[in-house]
Amino acid sequence: MNFEVISTEIFILVLGLFAIVMDLVLPKDESRKSIGGVLIFALTGWVAYMFTMYVPESVIADGGTATRYFNDMLYIVDNYAIFFKQLFIVATIFTMLFSLDYMQNVLRYKGEFYALLMTALLGMCVLASANDFLTAFIGLELMTISFYILVGARISSNNSSEAAVKYLIVGSVSTAIMLYGISLVYGATGSIHFYDMFRNQHLFSAIGLAGATMIMIGFFFKLSVIPFHMWAPDVYQGAPTPITAMLAMGSKAAGIAVFMRVLYVAFPLIGFYWLPILAVLSAICMIGGNIMAIRQNDVKRMLAYSSIAQAGYMMVGIVAADYPGMKAVMFYGMLYVFANVGAFAALSLVEQHRGGSDYKAIAGLAKSAPVMAAVMTISLLSMAGIPPTAGFAGKLYLFTAVVNQGYLWLAFVGFIMSMISVYYYLQVTKAMYLDEGDGEPIVISGAARAAAVISVLATIIFGVCPEPLAHLTNLASFTFLQ
Amino acid sequence: MSIGLYHCLLLAAILFAIGLYGVLSKRNIIAILMGVELMLNAVNINFVAFNRYTPVSDLTGQLMTVFAITVGVAEVAIGIALAYRIYNDRQTINVDKLDNMKG
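Those sequence lines, one after another, are chains A and B. In this text, residue positions in the first sequence follow the working numbering: the first is 1, and each later residue adds one. In this text, residue positions in the second sequence follow the working numbering: the first is 1, and each later residue adds one.
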């Protein structure tokens with residue numbers, strides 16, 4: 001057993017246990033912010049350390065192995081997995097940073113919040129590294145079960161429990177469908193290991209194809225691809241805002257990570273036939289998500305539909321099914337984290353101080369909290385893909401990759417829909433800058449301000465010079481395809 | 001007539017369909033959770049049957065079942081806790097009444 005390979009997971013698990021223990025040890029009326037502070041500090045250090053785990057290209061060129069395995073190839077740690085783990089950890093760090101005040105003031109159970117956030121993060125990391133369906137299933141459930149609880153964590157609000165129940169029912173049904181698919185694939189091929197699967201011609205029997213299709217449907221539920229998206233808007237609206245952010249960034253990216261691995265490693269041949277269907281689904285996602293986002297009057301709900309559209313954009317890269325496409329997906333996933341952090345940091349502030357997240361609540365935010373209004377505007381423009389933000393570079397990579405594969409119409413749909421999305425993103429800006437609010441200044445804590453400003457800086461820096469991040473994603477996708 | 005793989009698969013498929021029907025048609029949260037549980041049990045039968053009747057060397061299918069049962073229990077436990085909270089909030093666990101958020 002090579003435990004060094006899974007050191008990231010062990011570290012996160014220890015942090016989660018630490019949060020539980022500290023919550024018990026600290027006096028009852030003491031603020032739980034200190035736990036969050038320690039976790040942020042530890043995770044930041046670990047992300048920096050993870051840069052040393054990447055296997056450089058030169059090693060592979062010399063014929064070395066790019067991947068390390070734990071437990072008889074069931075658990076794979078390659079550059080691809082490391083990149084996604086870094087993405088999840090960065091998303092968690094930012095979420096905790098801007099939600100320190102939110103959770104202290106709004107939530108009743110604070111220590112548990114941190115502990116569950118850590119288990120959700122652990123689930124995401126397991127997902128990124130899973131190399132068989134059992135590990136993938138456990139990672140997925142570890143993540144979603146933690147999220148069921150976190151979504152319902154706002155005890156003071158009826159919407160929160162409503163959202164949690166809806167998420168639980170849809171989530172467990174999709175789990176059951178996916179498991180049924182896994183059982184059929186297991187029956188057809190006699191294995192649940194990704195590597196055994198793609199060599200096995202029994203996968204093309206009726207049972208195997210039905211199973212693969214059901215597994216795909218399970219993933220579509222988790223990624224909230226339209227026609228399987230019904231749960232997303234309600235859950236996003238009802239959940240505490242930091243959790244909505246985590247759902248949009250982490251949960252979706254984790255789904256994409258494992259989906260790409262299943263599609264390219266386990267079912268490459270079936271995937272070949274699936275690509276046109278995926279292309280159509282991603283077009284539907286981009287069109288439907290953007291159109292429905294226009295008519296929302298709650299910003300969180302609007303962002304939920306916009307995240308459906310973003311899933312569509314990322315699927316464009318999956319449809320390309322080659323090295324530039326994968327690279328574009330990873331690049332886009334990372335900058336989507338930064339854009340989301342900016343938007344949700346501002347939104348959680350609004351929800352905390354004005355008790356809601358609709359367009360009325362954000363009216364006049366530019367007077368009350370000018371920094372946050374600016375951060376929100378830039379983040380939304382990045383989601384829309386306006387230069388010089390990182391969103392532009394990300395969409396450029398995505399659409400170039402897919403055009404090179406001959407899907408010109410898909411890039412065209414994406415382009416038109418990005419233009420349409422500017423309309424509703426700017427509606428938020430209009431409400432913040434032109435509408436009259438109560439004008440009372442909102443006190444922003446240093447941590448929330450830091451999270452928002454750093455994320456905006458990252459958005460702009462990666463928009464102006466995307467090379468460092470692009471290099472990292474190059475490395476990750478290059479070794480994945482070896 | 002001896003019981004073979006196809007009988008087990010048929011039973012699992014029927015159970016799965018009944019569970020799905022229950023989830024879609026019932027309005028009580030507890031009943032919906034029972035439907036989910038039926039679907040998960042259908043999966044377990046599938047795994048065990050495949051492991052028993054097809055020529056595989058290891059016990060992966062049965063191992064998978066153990067994990068599926070555990071996860072299913074965790075899901076239902078949280079579901080019941082949430083149902084309890086919904087009942088405290090609104091004095092009903094009818095899912096049709098959960099319509100605060102629309103659009």
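The hints are simulated quantities; they were obtained by calculation from the structure and are not laboratory data. Here a beta-carbon is modelled for each residue, glycine too, at the ideal position from N, C-alpha and C. You may find that some hints are simply not true.
[As the list claims (entries may be wrong)] With the Cβ distance kept under 8 Å, some of the chain A side facing chain B (calculated, not the full set):
1. T67
2. R68
3. S156
4. S172
5. L179
6. Y180
7. I284
8. I287
9. F412
10. I416
11. I461
12. V464
[Unchecked claim] In the DSS-like style, the derived pairs of lysine-lysine whose C-alpha atoms are separated by at most 25 Å in a straight line are:
13. K97/B / K26/B
14. K430/A / K367/A
15. K360/A / K430/A
16. K26/B / K360/A
17. K97/B / K430/A
18. K102/B / K26/B
[Claimed, not checked] Derived contacts from chain A toward chain B, CB cut-off under 10 Å, selection only:
19. D132
20. F133
21. E162
22. F228
Practice problem: For the hint on Y180/A, just tell me whether its beta-carbon gets within less than 8 Å of chain B. | Solution: It holds, given that the least Cβ distance between Y180/A and chain B is near 5 Å, below 8 Å.
Quiz prompt | chain B contact restraint on T67/A - CB to CB distance below 8 Å | solution = violated, 22 Å
Quiz item: Does K97/B pair with K430/A here, judged by a C-alpha cut-off of 25 Å?
Solution: Status violated; Cα separation ~35 Å.
Quiz prompt | Given hint F412/A near chain B, where the shortest CB pair must fall under 8 Å | solution = Violated, about 29 Å.
Quiz item: Given F228/A as an interface hint, is the shortest Cβ-Cβ distance to chain B below 10 Å?
Solution: violated, 14 Å
Self-check item: Restraint satisfaction for E162/A [CB to CB of chain B, less than 10 Å]
Solution: holds, 5 Å
Practice problem: Return the status of the interface hint for L179/A: holds when the least beta-carbon distance to chain B is below 8 Å, violated otherwise. | Solution: Check passed: Cβ of L179/A comes within 4 Å of chain B, closer than 8 Å.
Quiz item: Taking only the CA atoms, is the gap from K97/B to K26/B under or equal to 25 Å?
Solution: holds, 13 Å
Quiz item: Between K430/A and K367/A, is the straight-line Cα distance small enough, at 25 Å or below?
Solution: holds, 13 Å
Practice problem: Report holds or violated for the interface hint on S172/A, using the least CB-CB distance to chain B and a cut-off of 8 Å. | Solution: Constraint on S172/A satisfied, holds at 5 Å.
Quiz item: Holds or violated: is the Cβ of I284/A closer than 8 Å to a Cβ in chain B?
Solution: Given a least distance of 19 Å, the restraint on I284/A is violated.
Quiz item: Taking 25 Å as the top limit, are the C-alpha atoms of K102/B and K26/B close enough?
Solution: With Cα atoms ~21 Å apart, K102/B and K26/B stay inside 25 Å; holds.
The structure shown violates the earlier hints numbered 1, 2, 3, 7, 8, 9, 10, 11, 12, 16, 17, 22.
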